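Can you build the whole structure from these sequences, using the hints too?
Protein chains: 4
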Amino acid sequence: MPLSVAVSGASGYAGGEILRLLAAHPEVEIRTVTAHANAGQPLIDHQPHLRSLRHLTLQPSTPEVLAGHDIVFLALPHGQSGQYTEALADTGLVIDAGADHRLTSAEDWAAFYGGDFHDAWTYGVPELIVDGAKQRERLVGASRIAAPGCNASTVALSLAPGVAAGVIDPGDIVSVLAVGPSGAGKSAKTTLLASEILGSANPYAIGGTHRHIPEIRQALRGAGAAGDIRISFTPVLVPMSRGILATSTAPIAPGVTDAEVREAWQSAYGDETFVQLLPEGSFPRTADVVGANTALMGLAVDRAAGRVVVVTAVDNLAKGTAGAAIQSMNIALGLPEAQGLSVNGVAP
Amino acid sequence: MPLSVAVSGASGYAGGEILRLLAAHPEVEIRTVTAHANAGQPLIDHQPHLRSLRHLTLQPSTPEVLAGHDIVFLALPHGQSGQYTEALADTGLVIDAGADHRLTSAEDWAAFYGGDFHDAWTYGVPELIVDGAKQRERLVGASRIAAPGCNASTVALSLAPGVAAGVIDPGDIVSVLAVGPSGAGKSAKTTLLASEILGSANPYAIGGTHRHIPEIRQALRGAGAAGDIRISFTPVLVPMSRGILATSTAPIAPGVTDAEVREAWQSAYGDETFVQLLPEGSFPRTADVVGANTALMGLAVDRAAGRVVVVTAVDNLAKGTAGAAIQSMNIALGLPEAQGLSVNGVAP
Amino acid sequence: MPLSVAVSGASGYAGGEILRLLAAHPEVEIRTVTAHANAGQPLIDHQPHLRSLRHLTLQPSTPEVLAGHDIVFLALPHGQSGQYTEALADTGLVIDAGADHRLTSAEDWAAFYGGDFHDAWTYGVPELIVDGAKQRERLVGASRIAAPGCNASTVALSLAPGVAAGVIDPGDIVSVLAVGPSGAGKSAKTTLLASEILGSANPYAIGGTHRHIPEIRQALRGAGAAGDIRISFTPVLVPMSRGILATSTAPIAPGVTDAEVREAWQSAYGDETFVQLLPEGSFPRTADVVGANTALMGLAVDRAAGRVVVVTAVDNLAKGTAGAAIQSMNIALGLPEAQGLSVNGVAP
Amino acid sequence: MPLSVAVSGASGYAGGEILRLLAAHPEVEIRTVTAHANAGQPLIDHQPHLRSLRHLTLQPSTPEVLAGHDIVFLALPHGQSGQYTEALADTGLVIDAGADHRLTSAEDWAAFYGGDFHDAWTYGVPELIVDGAKQRERLVGASRIAAPGCNASTVALSLAPGVAAGVIDPGDIVSVLAVGPSGAGKSAKTTLLASEILGSANPYAIGGTHRHIPEIRQALRGAGAAGDIRISFTPVLVPMSRGILATSTAPIAPGVTDAEVREAWQSAYGDETFVQLLPEGSFPRTADVVGANTALMGLAVDRAAGRVVVVTAVDNLAKGTAGAAIQSMNIALGLPEAQGLSVNGVAP
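Those protein sequence lines, which keep their order, are chains A, B, C and D. Everything in the first sequence is counted per the UniProt record's numbering, starting at 1 for the first residue and increasing by one. Everything in the second sequence is counted per the UniProt record's numbering, starting at 1 for the first residue and increasing by one. Everything in the third sequence is counted per the UniProt record's numbering, starting at 1 for the first residue and increasing by one. Everything in the fourth sequence is counted per the UniProt record's numbering, starting at 1 for the first residue and increasing by one.
None of these hints come from the bench; they were simulated from the model. This structure is a prediction, so every number in the text was calculated from the model and none was measured. Be aware that one or more of the hints could be misleading.
If chains are identical, the list can't say which one is meant, so a pair holds when it fits in one copy or spans any two.
What the hints assert, rightly or not - Listed below are the simulated SDA-like cross-link pairs for lysine to any residue, each with C-alpha atoms no more than 20 Å apart in a straight line:
#	residue 1	residue 2
1	K189	N38
2	K186	E86
3	K189	Q41
4	K186	P42
5	K189	T91
6	K189	P77
7	K134	E337
8	K189	H46
9	K186	G132
10	K134	A253
11	K189	H36
12	K189	S282
13	K134	Q218
14	K134	H46
15	K134	D90
16	K189	A37
17	K189	Q83
18	K134	T104
19	K134	A89
20	K186	P2
21	K134	R31
22	K189	H78
23	K186	T91
24	K189	E280
Below, the structure written as structure tokens:
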């Protein structure tokens, strides 16, 4: 018997991608989809690409509606997950695609989000090195999972191997990300209008204000960073609907050879399916991971600059959010980790 | 009587933008346009947007054809300008939009370009701080001008004020640029096909190999950098035809206040028409400078990261290349500096 | 002394383009800019590309504020122009970029717009053939001008020569337009979000419902159409911020030769600056008219299909709206018709 | 045991999409991939999104290399398929994604393609009405299949139901298509450069010259058109990598009601998985079928224009080419028709 699933926030972009992946997953049945303002309307009016789900109607996102499923996905703006805690107490697996359960530090939460702080759940980035092992181990059997912030997990995956191996200095990281506007959600804001984004590169959250910064620091601390983690983080909206291309650099640790640098990443990801280090001299493009659960990574050691450069391409909605959620679900439930997920992108 | 002008490389993107600006310039007459493979064809077949020039035919790019004008613009691939030196000996003003006359170091030339080294000409970035003054002063009366590399001048303008004032450390600069493909020229390469660029962010020249790196170092040395200049430089092609959004960061120099940082840029550019520092908290978008000769700059001091962040938007073909060339021409000839140039962009 | 100008709706796309063109016009001074919700804010916050106008503050769009100028531009949603009629009674020239004064038929107004009907003003498409002459003649000395609908004027200019010369049958016109989203205005609607438009072609107003249909019919009736004018009209949003590429076809009239067809357009536009028929076999691209006041037109006679095909490229904000308004202003005031307008586009 | 497959033209866009779909197909094993100029190189260098196939090397496209597989896909420029006929005589199933085996008329071939004419193979559009039945029936057990032209099948599917039911007049069809540049293939032509396509709508093959015209006429004749089929056909390149949005109109047949019109399409496609008629008032967007094997169709009856309007969205590489090929393969081999194919698109 398939596992019954409910997805809240089903009319948004993250919710839509969760549904797209679940629709192709052989072990689950999408029983319930919910929304706030759009409740009562056909799902297909809001996700016209999900033709196989055109029989579904959006129900209200109440705790009662979400209760009673084997698995619940919360794809809500931050600050809204808490209200469901009690009603979902008996739900076997809850995966929050929002930010509410990512941070372990109440102080960071207060500084970057504000409002009620909630306990951190198991972080849904299986390939991340945490305390010398993969986060995957913690996800086995987990019942509450926090899917990562898309930019945060991209940068964390980019640098964790180097931090864990001590080949880069996490005290002076610089990350600049070209990101597609779907990461900003389906909000009717004039700054996100096509006329504002087409033909333009638009920076935002500059100078240390982006909410994914504490999440990156937390992940790299977990990877084993000693001392301060400092990161200059700048996202730039560019005219592609999906995708993150993160260029991250950090100083080469003293006395480390180029081969040792590459070996850190190679040993971390050499056996992974969904995080792949490209051969020397190769670098990824976001188009190649569209729709895929794959993070593609290229690495250069720039001796003249004294820095390691890691360029990582991720589909913000797939591997960055919904794919990470499904992959974590698979692990938590003991299903094949890659089930329902594609390593190949849709290109061109 | 208007000044007679010849433009070589007139069928390419840089040549086309030079022509677009010259066509709106009241003091010049475009007498000759030349090309290599396309010689003999109507200009309008290659520049269909230049309707006012549809009477012109592309002539061969021979020294004889280019000789005999008051002003000659060379918009050729690097390595080709040298052949015209002798034939243009009597030409009052020659402006090279290629790289041949930008670098003062034969060593840099050999390392990043190769082939014959040529003397550097007066660098065509009027607002750049050089030895405590503006480059503008050197351009007055100049007869040989090297228009800048678009990425190089964008980064140089971004950081020169901080370097000159000693408020940032040029020993650990990181620049990541979102750039449009027109900067790569009108070359029939599969990597530049629309299908490869649309919906994708594509990095290139990663890890210290980009040819604009020595040009940036040279400019910042001119701005007064003491000690080593080290720069990690990563350009990323994004799906917009024009534009550079350069995110550049450098460590805050010890003991410097936020106000002192801002003051360095404010005093450098406060009186400039075409390089504008935006108010605190404001950052530029490339769309706002399309077709304009304007570099828009936003500045943040990120104390948590220990870095100054400068984000600069430039139209690579306009202020980055052709606009810089025309502005330099105006200065060299004693014409009003802004003649034929727009400070306003075409947006949305 | 320059003419004083006020622009209402100055924070929107049409208002912004009117301002961009006026800022480059030597005979006018932009004295007043107004808005509704954004009144009190700096103009530059809403039009960050208009750097030369950063001293202006948006004032409320009240009749009192708009009164007392030599020229007033109304760039408002339809239905709002009427309230200013009385206050602007003494204003020498009022140009409405909205729809309120375009239609001569109260019936058409009721069917396609609804609400109060207002008298038609002089239609601001100088090159349009009306009763055997150019509309230009009617614009000389006009004091009230209705700038055209961008799609409507594009299709009307495309077909009027053929209708006037009797070489096509206006009883079975089919027009399909690829249009950029800026034509839909700066409205915070989810359907206009970048994520919805990027990588997609989205049709709208299908099956005879688009508001520009009666305006096209009216123009073609003016051009001399005998009998019914029937038009199947389908606009398709495509991922470019500006531009209209209108493909319009109509049956070849019986007994007409290919040469006679071409001659109809050639004789209509052969002497025009801003409407240009391309040579046989050439067809226009929207990129070539970005920022320009130019309509580029290509023509084919498809004998196998029995139809004339006219493909016209226009910048919806420029020649389609603001450029038509400024050009009409120039004519009305006896200024050089091309003043402040560019025939060249910004490309690539 | 899985079926062994060879794909020629594997470094191009059509070949890449065939491989992407085959890689997700449970019944086949991709044994051989071939190319011309790129033979000897790793497939992954040319299809960097096909991570699961990074073990494959491109072999030369010789008959010997392609022979000996259960299934061979030819994704070659037209005119090249013929050379393989003999060598593949024993191959159970050959599917040509090129044009060589689509047309039944040698005259049409000569007029639109030229060169040697080859026999037509079974046309790979299962949902097409042919002689009162679906083409699917002919595909069962077929050994030689011609995958359709992407534009041709889109227009044919759009209109065949109306032609078959006699509710539209095929004597005056007008189709205008917004198409992505991937349909033009991975050819290094300057007209297909990103700088030429971004921000622009570019028409091509205007006035009856496009090679898909005879293929549409042939399909509609098969659907039952009596008398002449005449079609005005205009494709317009727009800045999206994939997708076709075809707006097709034809005169309403005399005496036919709106309900009868809709019923023609409803009855043709009501039971289909991959061709779906949207409810009245709904129209498709290309984004909703990206990567999917789905043709989404919207229909309007425009009485004022006297025309039926059908708007159809297709992914040119998927349903338009590779998806049609795989779907046809499934039918030919008696596999489940939808195997390895997705009805859901990847959006936004």
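Verification of the hints:
1. K189 / N38: both (18 Å within a copy, 15 Å between copies)
2. K186 / E86: neither (28 Å within a copy, 42 Å between copies)
3. K189 / Q41: between (22 Å within a copy, 18 Å between copies)
4. K186 / P42: Within one copy, since 17 Å is at most 20 Å while 28 Å is not.
5. K189 / T91: Answer is neither: 35 Å inside a copy and 36 Å across each miss the 20 Å cutoff.
6. K189 / P77: So K189 and P77 pass the 20 Å test inside a copy (15 Å) and across (19 Å) alike.
7. K134 / E337: within (14 Å within a copy, 41 Å between copies)
8. K189 / H46: both (17 Å within a copy, 13 Å between copies)
9. K186 / G132: neither (38 Å within a copy, 45 Å between copies)
10. K134 / A253: neither (23 Å within a copy, 39 Å between copies)
11. K189 / H36: Cα proximity of K189 and H36: in one copy and across copies (18 Å, 17 Å).
12. K189 / S282: between (37 Å within a copy, 18 Å between copies)
13. K134 / Q218: For K134 and Q218, only the intra-copy Cα distance (15 Å) is at most 20 Å; the inter-copy one is 45 Å.
14. K134 / H46: Neither. Shortest intra-copy (37 Å) and inter-copy (32 Å) distances fail the 20 Å Cα cut-off.
15. K134 / D90: Neither, since 28 Å and 51 Å both go past 20 Å.
16. K189 / A37: both (16 Å within a copy, 15 Å between copies)
17. K189 / Q83: neither (26 Å within a copy, 29 Å between copies)
18. K134 / T104: within (18 Å within a copy, 51 Å between copies)
19. K134 / A89: Cα proximity of K134 and A89: none, with 28 Å in one copy and 53 Å across.
20. K186 / P2: Result: close neither inside a copy nor across copies, 30 Å intra and 43 Å inter.
21. K134 / R31: Result: close neither inside a copy nor across copies, 32 Å intra and 34 Å inter.
22. K189 / H78: within (18 Å within a copy, 22 Å between copies)
23. K186 / T91: The answer is neither: 28 Å in one copy and 44 Å across copies each exceed 20 Å.
24. K189 / E280: neither (41 Å within a copy, 22 Å between copies)
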